[in-house]
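Trainee: Here UniProt numbering is used: position 163 in the sequence shown is 163, and no number is missing along the way.
Wrong hints could be hidden among the right ones.
Dumping the calculated SDA-like pairs for lysine to any residue here, alpha-carbon to alpha-carbon at most 25 Å [stated by the list, open to error]:
1) LYS238 x ALA265
2) LYS142 x VAL130
3) LYS168 x LYS142
4) LYS238 x GLN57
5) LYS232 x GLY97
6) LYS142 x ASN25
7) LYS214 x PRO254
To be clear, the hints were calculated from the coordinates, so they are not data collected in a lab.
Just so we're clear, the structure is a prediction, and the values are computed from it rather than from any experiment.
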Amino acid sequence: MSPSQAIVASIHRYPVKSMMGEELNSVAITTRGVAGDRAYSLIDVETNKLVNAKHPQKWPEMFAYRARYTSPAVSPEHVPPVYIALPNGDVIESTSGDAEQTLSAALRKRVRLVRPDESNQGFEGFVPTVEGVSDRDFVFDKISPPGTFFDIGLIHILTTSTIDALRKTVPHSRIESRRFRPNLVIRTDGAEGFVENTWVGRTLRIGQVVLQVKQPTQRCVMTTLAQGDLPKDISVLKAIYQHNAGTIGVYAEPVQIGTVRVNDAVELN
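Let's have the full structure, built from the sequences with the hints guiding it.
Mentor: Now the structure itself:
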């Protein structure tokens, strides 16, 4: 992959964990990933666990909520409040005195909107019965890295080659990058197949930013859920396990921070 063949196609940030997010023209990459990514989360007051779309039996409508920052000035030192669009079309601001009450009523469970601290915060996920994935439904418990609301990695990267490869395996399904909630979508013209598989252990340079690719991204039930006009589709997860060992995309961590912009060249080293 040469710089002329790979560019940043799109940039995405999710201000509130498990909600839909915002598409950006540029973003700061900090020591903790994309500035402002998963900077907020809802907490289930009853269990004290993170509200997570990985458990759609408990939280079935998380992708019907969308969060965006009230100000573009987002940095590790300054995280603005967020606007949250509800499924009924109403928009609330996180600093509003009745924001948590409104969210609790909409979700039909008592929740709080919080920022991360240095404790290990738990969350639940659901694994459905899918041929090649699991022979039974079960719920698992997991812990987020201290000081974050991430599940595992800091930055999630996905290529257009991988999207094209997956489309060929399930031509009846709608395979779009938004199903996989990446931070960076890399356009890899001329490459074929699940190209990120070969990136693990290597670095990506995007302008001044250097990212170390750490591991493939293991996929879960979230890839099957409806998002707006994207329908629910369990065959997506089945295809990922059948054709790429259950992974799509990669996780990366910053080695050198800076700003990433749409159409920036991407160099693999």
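Trainee: Hint by hint, note whether the structure agrees.
Mentor: Results for each hint:
no. : hint            : in the structure
1   : LYS238 x ALA265 : 33 Å, violated
2   : LYS142 x VAL130 : 21 Å, holds
3   : LYS168 x LYS142 : 33 Å, violated
4   : LYS238 x GLN57  : 19 Å, holds
5   : LYS232 x GLY97  : 35 Å, violated
6   : LYS142 x ASN25  : 33 Å, violated
7   : LYS214 x PRO254 : 10 Å, holds
Figure legend: structure checked against the earlier numbered hints; hints not met, in rising order: 1, 3, 5 and 6.
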